[in-house]
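Chemist: Chain residues, written in single-letter form:
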Amino acid sequence: MTEKAEKYKLHRGLYDLLKGITQPGMMKMMADWLGAVFSAVDEGKPILFNQFTVFSELMVALDIVPLPPELWQSSQLNVDANACCESIDAAEEAGIHPELCSANKAIIGDIMLDKIPPPSMVVLPTFPCDNSKITYQAVAHLTGAPTYFLDCPYWMDEGEAMDYWVNQYKGLISFLEKHSEKKLDYDRLKEVAEESNRCLDYWLEGLELLKLKPLPLNGPFASGYLAGLTALGTPAATEAVKASLDELRSRVDKGETAVPEEKTRVIWFYYPVFWDAGLGDWMAQMGAVTASGLVGYFNVEPIDTSTPESTIRGLARRALDTPMGRQGRGASDLWIDDCLRAVEEWKGDCVILAGHPGCKWLMGCYGLFRDIARERGIPVLLWDVDLFDPRPCSGEESRARIEPFLNTIMAR
Amino acid sequence: MTALEELTKPADTLTNPHIERWKEKDGKVIGYYCTYVPEEIIHAAGMLPYRMRATGSTNSELGDLYASHLTCTFCRHSLDQAMRGEYKFLDGLVALFSCDHIRRMFDAWRYGKIDLPHSPFYLRCLSVPFKVDAPAVEWMAGELDRFRRSLEDHFQVTITNEALRQSIKTCNEKRRLLRSLYELRKKEAPPVTGAEALAIVIAGSSMPVEEFNQLLKQMLGELEGRDGFSDYRARLLLAGGELENPAYIRLIEELGGLVVTDFLCFGVRDFWDLVEEDSEPIAALAKRYIQRVSCPRMIDHPRRDKFVRDLVKEFKVDGVIIQRLKFCDNWGCEGTMTQWEAKKDGIPCMMLEREYLMSAVGQMRTRVQAFLETIRR
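Quick mapping for you: the protein sequence lines, in order, are chains X and Y. Position 298 (the first sequence) corresponds to 298 in the numbering used here; numbering is contiguous. Position 318 (the second sequence) corresponds to 318 in the numbering used here; numbering is contiguous.
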């Protein structure tokens, strides 16, 4: 194995597993993204760290390779449940406090251990949390990479707050042009935004089909989110999301359902336990299907591409509504209202929340949400489990918490 | 009672005779959770700005109903105090997205989980930018104007530009006086301890500023005749976030470390920078509050790093202690970066994690003692 191939070998191994896939869908999308990252590494092309709430349209328009560090972390957990542990430990040994979000610790540790390709640029908004804002300041400190923060007002409105946000987005364009040494072609941006609109149409239709009872396919409609982070605005991403939708449509047409007998519908209004991919299937075996989750949740309008200004404004507006960005950028109301909407529209019988120890903003909503859920008769399970690190709570422990909860609901 | 004694008392209790006298005259008190809330605007409305503390809290069981187990203990205790009605002397509360903990605690106020003293109670969460550039200053000016108008509407008062200018002058005077106090701490034998200095800064946001300024002037005069502290083992800079308990510093100082300066929000971050007095007042306030020496909520690490290095030189600091409330992410990463830089510069630096209530004192003593040993001044 060459030195270059030895670096990032877990991800290269994942790429080797996936790269032969020709059928459009999530696996191919993942392979295409990893392939683009490794091409950039091998050819010395610039790589941009886009935090997990920053979608890819501007990068696509400027032909810059996106590398969402949180996706880098979660993707390797499909290969090895303990894949983040070494980097988490390295960050803690370097003094980073243990309560920092483990995804963020893993990013810092990855940089220290040279386990992630170094960024040429870094972009993130000031949401959803303290973890992210301060971690990426540390990333800038460690890598020296120029870093652009999209500064988001706490209360959003259609007037001054939106204008400020749109100007932040315009600042991002200038930043990307400067550091990529490329000029944004607005005709190209229009194409990308229109492609993004097409993709979003498929994504939103997928979400609609998951409102059917019984559920046609278990789990949130996640392919749109993967597209959003890696290739939204490309025909390949649109094709991949359409393929996921076609599968769903086909199941609906044939009357196929996620499980033979749907006993309860779960709203999992947070990220999944990334290292425990079998958890959803295990729940489904009990008859508990997951109809909606934060990963697939999106609630946006099409971008008006009639002028460069309207295109930028549309992209900026959409950037406020990415999963977790939308819910985490302001007061508790944003997450609570969306979660209640998910329960209502996706016909949830209960809410399950994986209590990720780094996520203070969301856990801080829980007490208020619990009161409202009680008033409305919505059962809620919250338990402590780290989404990137299996050591604090194992898969068996998670199941031991979930099983009696689901049994109680299904016995009603 | 000396002025020093009078100024170090308010830190011991949530309220104090100065506030009681103010309330007896039907004065309004507005609490605020963060030094990014401009006290000048509250002052110009004829009200008393009061920086929120949880002093006197002994447990957080009520607060824990709405704060999570991942919320810092300051917020849990403060929320608990609020739910128990300990802040009934307040007429309003102002907060901002200082951190995830504060914003969620404020949501509990918004959702009516607090036994409020008045209805309608004034509640406002300012939208303060995270960046420190010119557009952020401009946004902040708009936000401060909205804040001013909301105070006017709620309390049926008028906040004139002239009143704002006067308040800026009064608050600047407080800042100049506090800087004079800190100048004295640069001496080989500083006339005040770090614990006293913290208590004095706390008093500055716990009583009418005019009374504070008068007492502080008197105290600076008294200090001229006071023997300085010279029997210390090391001169320390204490950094970190929320710290409102002088006993914490006293413990460090009992072991031989003298805290000669700080990088605290009840400290230099609160008063170091002045507001321009000759500019349009809202614009001047916006500029000062966004571009002042920042806290880690702001995207401004390199400037903070330089500021701390400069403090180390100016105050002839032998070592840096970073105190951090458990679960504080901002200070977790910021403190670690400070440690990395201090190591490069050969400055001894230690991070101490703590809870809101003084606990694990024996362990803390051991760590501080060991740290002072490593300095070997």
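It is possible that part of the hints are untrue.
Restricting the straight-line Cα-Cα distance to at most 25 Å, the calculated cross-link-like pairs of lysine-lysine (DSS-like) are [stated by the list, open to error]:
| # | chain 1 | residue 1 | chain 2 | residue 2 |
| --- | --- | --- | --- | --- |
| 1 | Y | Lys131 | X | Lys170 |
| 2 | Y | Lys23 | X | Lys170 |
| 3 | X | Lys9 | X | Lys45 |
| 4 | Y | Lys23 | Y | Lys88 |
| 5 | X | Lys178 | Y | Lys131 |
Computed spacing ranges between beta-carbons, pair by pair [said to hold, decoys possible]:
| # | chain 1 | residue 1 | chain 2 | residue 2 | range |
| --- | --- | --- | --- | --- | --- |
| 6 | X | Lys9 | Y | Pro135 | 40 to 46 Å |
| 7 | Y | Pro135 | X | Gly144 | 22 to 28 Å |
| 8 | Y | Lys313 | X | Asp80 | 29 to 35 Å |
| 9 | X | Met27 | Y | Arg146 | 35 to 41 Å |
| 10 | X | Glu256 | Y | His69 | 25 to 31 Å |
| 11 | X | Lys182 | Y | His69 | 54 to 60 Å |
| 12 | X | Glu43 | Y | Leu357 | 22 to 28 Å |
| 13 | X | Gly287 | Y | Pro135 | 52 to 58 Å |
| 14 | Y | Lys306 | X | Leu209 | 54 to 60 Å |
| 15 | Y | His69 | X | Asp281 | 28 to 34 Å |
| 16 | X | Arg399 | Y | His69 | 40 to 46 Å |
| 17 | X | Lys183 | Y | Arg303 | 28 to 34 Å |
| 18 | Y | Lys88 | X | Glu375 | 35 to 41 Å |
| 19 | Y | Phe121 | X | Pro146 | 43 to 49 Å |
Honestly, the hints are just simulated from the structure, not real lab data. What you are looking at is a predicted structure, and each value in this text was computed from that prediction instead of being measured. Here a beta-carbon is modelled for each residue, glycine too, at the ideal position from N, C-alpha and C.
Chemist: Can you give the numbers of the hints that this structure goes against, from lowest to highest?
Modeler: Hints 2, 8, 9, 10, 11, 12, 16, 18 contradicted; others consistent.
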